[in-house]
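Undergrad: As a plain string of letters, each chain reads:
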Amino acid sequence: MACTTGRGITRIGNFSRIWSSPCRGLQTAVHDQSPPQTKSVNLFSAVNQALHIALDTDPRAYVFGEDVGFGGVFRCTTGLADQFGKRRVFNTPLCEQGIVGFAIGLAAMGNRAIAEIQFADYIFPAFDQIVNEAAKFRYRSGNQFNCGGLTIRTPYGAVGHGGHYHSQSPEAFFCHVPGIKVVIPRSPRQAKGLLLSSIRDPNPVVFLEPKWLYRLAVEEVPEQDYMLPLSEAEVIREGSDITLVGWGAQLSVMEQACMDAEKEGISCELVDLKTLIPWDKETVEASVNKTGRLLVSHEAPVTGGFGAEISASVVERCFTRLEAPVARVCGLDTPFPLVFEPFYMPTKNKILDAIKSTVKY
Amino acid sequence: MAQLTRRAAALNKSLPAAILAARGLATASTSPITVETSLPFTAHKIDPPSRSVETSSQELLTFFRDMALMRRMEIAADSLYKAKLIRGFCHLYDGQEAVCVGMEAAINRKDCIITAYRDHCIFLGRGGTLLEAFAELMGRKDGCSKGKGGSMHFYKKEGGFYGGHGIVGAQVPLGCGLAFAQKYSKDESVTFAMYGDGAANQGQLFEALNMAALWDLPAILVCENNHYGMGTAEWRAAKSPAYYKRGDYVPGLKVDGMDALAVKQACKFAKEHALKNGPIILEMDTYRYHGHSMSDPGSTYRTRDEISGVRQERDPIERIRKLVLAHDIATEKELKDTEKEVRKEVDEAIAQAKESPMPDPSELFTNVYVKGLGTESFGADRKEVRTVLP
Ligand SMILES: Cc1ncc(C[n+]2csc(CCOP(=O)(O)OP(=O)(O)O)c2C)c(N)n1
Ligand SMILES: [Mg+2]
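Quick mapping for you: the protein sequence lines, in order, are chains W and Z.
So the first sequence is numbered by my numbering: it starts at 1 and just counts up by one.
So the second sequence is numbered by my numbering: it starts at 1001 and just counts up by one.
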């Protein structure tokens, strides 16, 4: 269960499961008598709430990164330094490799190190630390040491005009690294619950936040502490003709395509993967076994994207059930462009075209 | 062509030449004037150069005009951004102009410059045109990177400008590679690798310094210390904000980066040093007037008094204006006319840049590899964009 992961995290009870998948696991969920207070907030505020709670519930939690003491460029850390002090919430110099290495050491001493990398595009100077140090610390020390308290938060993805270095989606690089988890929320409520789970998970997590949605996505978010389970995908729209799998900001684009397809009589099932590694193959498999078709969509370039892994696994598991080739509607195999972003992006219409051709195959 | 004046001045009747001619100073325009730098240089492991800088009326007028043009360009870019004609991230250089013009006055086009994303004016300094700059800013075909780079990625190969880099600190080791190639070719040229005070804390910088010193590379590391890395004041990010000393075994010089003549003197000195002895750090004490990028008003982490204080007391253009007036090289009116003139040039370049078409959609796929991938894609409008490249 989600709430057994962290040290001494007991106050959450079964709340987390109320907010988990409506389609999986809810049969057994125990609803609290009094529904929790919710408030309509955007995604950056939901992240901010999660960080407040993380710091509040664990005196050994720390939040740091470039400019986070002032709230960070996306305001996700606003107010934290005032409430929890500069010793627990602090600015680092501009040095990503150092930030992550430092965070690993801090986590290795049993702390929750919540590091922010200002943009996912700037995580690459820290790539070595993540891949070679964080991911393998537990394994290579025969479980004497680990940095399970490490969570790296970073905003990813397109914003409409971010150009080469404020738009990339690097999730697939990290999905090739056993030993870390990769989590991407699709909405404010998901962001809060998944971030708290990531922070309290005993494994290092790379938590990618869809920056396009920071202000744009607003929904009712429970005010209190809750966690959403990692490695559990969620069917967010049920359908019978084709399964669509995605994560993060791309889901809202896919959902629009589903709605348009519905007008043309095609029933789409939409799955939010949420955790990319280790991922919930069973949910995807069950869905594809039902629909017989799969479409995967992500902003990152198609070649070597995580969509490739999903389609390979589905072909392995559902080969005899598949009625059409797996479709991938992804970013193009080019650097993230400046003026041609609309061409590059896996837009609603591209997805709709692929839905239709897959169903008609 | 709307280009900086220095190299063109001798050839055509550009404004400084015209002013000098009108005042009967044409013959005297290159005769030396000696000016003290505003402040002494502070040196680390090296004897500093003299504070007396040789200049000329020609050079002072050129400094004035070039900096006025740069400033006007940046202010215009600000408006274009607000009008959404420029998209992407955009970082302006106004306030820091003296670093660019002073450096250019000391070096030639065989020398290389590589910098970060605050690159518009460096590009002009290297001989780029206003049209290429504005077209690039607006993502048009006539831009210096064919509209594919945008504000942060200006380049000019013939000018030895290795461009604008988005990843903070990444350009500095590249600069050492350029310097190694220069040393190998024995052509007496050097590389100026520019970075900010924030970038000075990146590990790459120290790796680069060590390589440069180990192999005696003609690399000059220019730290443009504008005292903030985004919203972070230098002292919050650096245990020692004496960036000129941070090379430890590499000598350094702290320079008033608001004084074009001090910059010129330091760069001349650094080039000679680098050719003979290897790397040196130049810390340019400078200031950016605008916020970090267009989304930063620039007023939350520093006081308005601080900004207006710098404008009043250290502004690089005003310093040159005073020198020009003090040496009776031009009248106040003539300098005002120069400013009007550059304003017009900027407006004309913008009008021209707006006429420049967007790059062809097939450009999305070119330059990824030497040969294209022959990729095909559908545009958002569902019109097919099919590009099959050789
Ligand atoms: C590796 C990396 N980390 C973070 C950023 C985001 N970022 C862009 S500019 C900047 C501040 C740099 O400050 P400084 O080096 O002082 O240069 P200035 O902007 O003052 O010219 C930051 C943090 C980036 N571009 N690259
Ligand atoms: Mg700076």
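Treat the hints with care, as some may be off.
To be verified - Incomplete in silico selection of chain Z near chain W, CB under 10 Å:
1) L1080
2) I1167
3) A1200
4) N1201
5) Q1202
6) A1238
7) P1297
8) T1300
9) P1361
10) E1363
To be verified - Computed cross-link-like contacts, DSS-like style, restricted to lysine-lysine with a CA-CA straight-line distance of at most 30 Å:
11) Z:K1344 to Z:K1146
12) Z:K1045 to W:K348
13) Z:K1082 to Z:K1045
14) Z:K1245 to Z:K1276
15) Z:K1045 to Z:K1239
16) W:K86 to W:K39
17) Z:K1084 to Z:K1141
18) Z:K1239 to W:K86
19) Z:K1245 to Z:K1186
20) W:K348 to Z:K1344
21) Z:K1344 to Z:K1045
22) W:K86 to Z:K1245
23) Z:K1336 to W:K348
24) Z:K1082 to Z:K1336
25) W:K136 to W:K281
26) Z:K1110 to W:K348
27) Z:K1045 to Z:K1084
28) Z:K1276 to Z:K1186
As the list claims (entries may be wrong) - Here are some chain W residues the structure puts well away from chain Z; computed CB gaps all over 12 Å:
29) K39
30) G69
31) L94
32) M109
33) P125
34) P222
35) R237
36) K360
Since the hints were made in silico from the structure, they are not lab data.
Being a predicted model, the structure only gives us computed values, none of them experimental.
Glycine residues also receive a C-beta, built at the ideal position from the N, C-alpha and C atoms.
Undergrad: Give a verdict on every hint.
TA: Results for each hint:
1. Because the closest C-beta pair between L1080 of chain Z and chain W is about 13 Å apart, greater than 10 Å, the hint is violated.
2. Hint status for I1167 of chain Z: holds, given a least beta-carbon distance of 7 Å to chain W, under 10 Å.
3. Annotation: interface hint on A1200 of chain Z holds; nearest CB of chain W at approximately 8 Å, less than 10 Å.
4. With 10 Å as the threshold, the beta carbon of N1201 of chain Z comes within range of chain W, its nearest partner Cβ sitting at about 4 Å, so the hint holds.
5. The beta carbon of Q1202 of chain Z is positioned within 10 Å of a beta carbon in chain W (closest approach about 5 Å), and the interface hint is therefore held.
6. For A1238 of chain Z, the shortest C-beta to C-beta distance to chain W is roughly 7 Å, which falls under 10 Å, so the interface hint holds.
7. Hint on P1297 of chain Z is violated. Least Cβ distance to chain W is approximately 13 Å, over the 10 Å limit.
8. Satisfaction of the interface hint for T1300 of chain Z is found here, the shortest Cβ-Cβ separation to chain W being roughly 8 Å, below the 10 Å cut-off.
9. For P1361 of chain Z, the interface hint holds, the least distance from its beta-carbon to any beta-carbon of chain W being 6 Å, beneath 10 Å.
10. Below 10 Å, beta-carbon pairs count as interface contacts, and E1363 of chain Z has one with chain W at about 8 Å; its hint therefore holds.
11. With a C-alpha separation of about 24 Å, the suggested pair K1344 of chain Z and K1146 of chain Z falls inside the 30 Å cut-off, and the hint holds.
12. Distance hint between K1045 of chain Z and K348 of chain W is unfulfilled; the C-alpha atoms sit about 61 Å from each other, more than 30 Å.
13. Using a Cα cut-off of 30 Å, the hinted pair K1082 of chain Z and K1045 of chain Z is violated, with the two alpha carbons roughly 46 Å apart.
14. For the hint pairing K1245 of chain Z with K1276 of chain Z, the CA-to-CA distance comes to about 20 Å; that is within 30 Å, so the pair holds.
15. Under the criterion of a C-alpha separation no larger than 30 Å, the hint pairing K1045 of chain Z with K1239 of chain Z is consistent with the structure, at around 20 Å.
16. Between the alpha carbons of K86 of chain W and K39 of chain W the distance comes to roughly 28 Å, so the proposed pair stays at or under 30 Å and holds.
17. Between the alpha carbons of K1084 of chain Z and K1141 of chain Z the distance comes to roughly 18 Å, so the proposed pair stays at or under 30 Å and holds.
18. Simply put, K1239 of chain Z and K86 of chain W have alpha-carbon atoms about 17 Å apart, close enough for the 30 Å limit, and the pair holds.
19. For the hint linking K1245 of chain Z to K1186 of chain Z, the alpha-carbon distance of about 28 Å falls within 30 Å, and the restraint holds.
20. At most 30 Å may separate the alpha-carbon atoms for a hinted pair to count; K348 of chain W and K1344 of chain Z exceed this at roughly 44 Å.
21. For a cut-off of 30 Å, the pair hint linking K1344 of chain Z to K1045 of chain Z is broken: about 47 Å separates their Cα positions.
22. The suggested pairing of K86 of chain W with K1245 of chain Z holds, with an alpha-carbon distance near 29 Å, which does not exceed 30 Å.
23. The straight-line distance between the Cα atoms of K1336 of chain Z and K348 of chain W is roughly 54 Å, outside the 30 Å bound, and the hint therefore fails.
24. The straight-line distance between the Cα atoms of K1082 of chain Z and K1336 of chain Z is roughly 27 Å, inside the 30 Å bound, and the hint therefore holds.
25. For the suggested pair K136 of chain W and K281 of chain W, the alpha carbons sit about 24 Å apart, so the restraint of at most 30 Å is met.
26. Restraint check for K1110 of chain Z and K348 of chain W: the C-alpha separation of about 50 Å exceeds 30 Å, so the hint is violated.
27. Annotation: proposed proximity of K1045 of chain Z to K1084 of chain Z is violated, straight-line Cα distance about 48 Å (limit 30 Å).
28. Between K1276 of chain Z and K1186 of chain Z the alpha-carbon distance is near 12 Å, which keeps this suggested pair within the 30 Å criterion.
29. The Cβ of K39 of chain W sits about 27 Å from the closest Cβ of chain Z, beyond the 12 Å cut-off, so the non-interface label holds.
30. Not every CB of chain Z is more than 12 Å from the CB of G69 of chain W (nearest about 8 Å), against its label as outside the interface.
31. The claim that L94 of chain W lies off the interface is violated: its Cβ sits roughly 4 Å from the closest Cβ of chain Z, which falls inside the 12 Å cut-off.
32. No Cβ of chain Z approaches the Cβ of M109 of chain W within 12 Å, the least distance being about 22 Å, so the stated non-interface status holds.
33. The claim that P125 of chain W is not at the interface with chain Z is violated, since a C-beta of that chain comes within 12 Å of its own (minimum 7 Å).
34. The Cβ of P222 of chain W lies farther than 12 Å from every Cβ of chain Z, with a closest approach of about 31 Å, so its non-interface assignment holds.
35. Remark: the non-interface label on R237 of chain W is consistent with the geometry, its nearest Cβ contact in chain Z lying 23 Å away (cut-off 12 Å).
36. Separation of K360 of chain W from chain Z is adequate, the least Cβ-Cβ distance of about 17 Å exceeding the 12 Å criterion.
Hint check: violations occur at hints 1, 7, 12, 13, 20, 21, 23, 26, 27, 30, 31 and 33; the rest are consistent with the structure.
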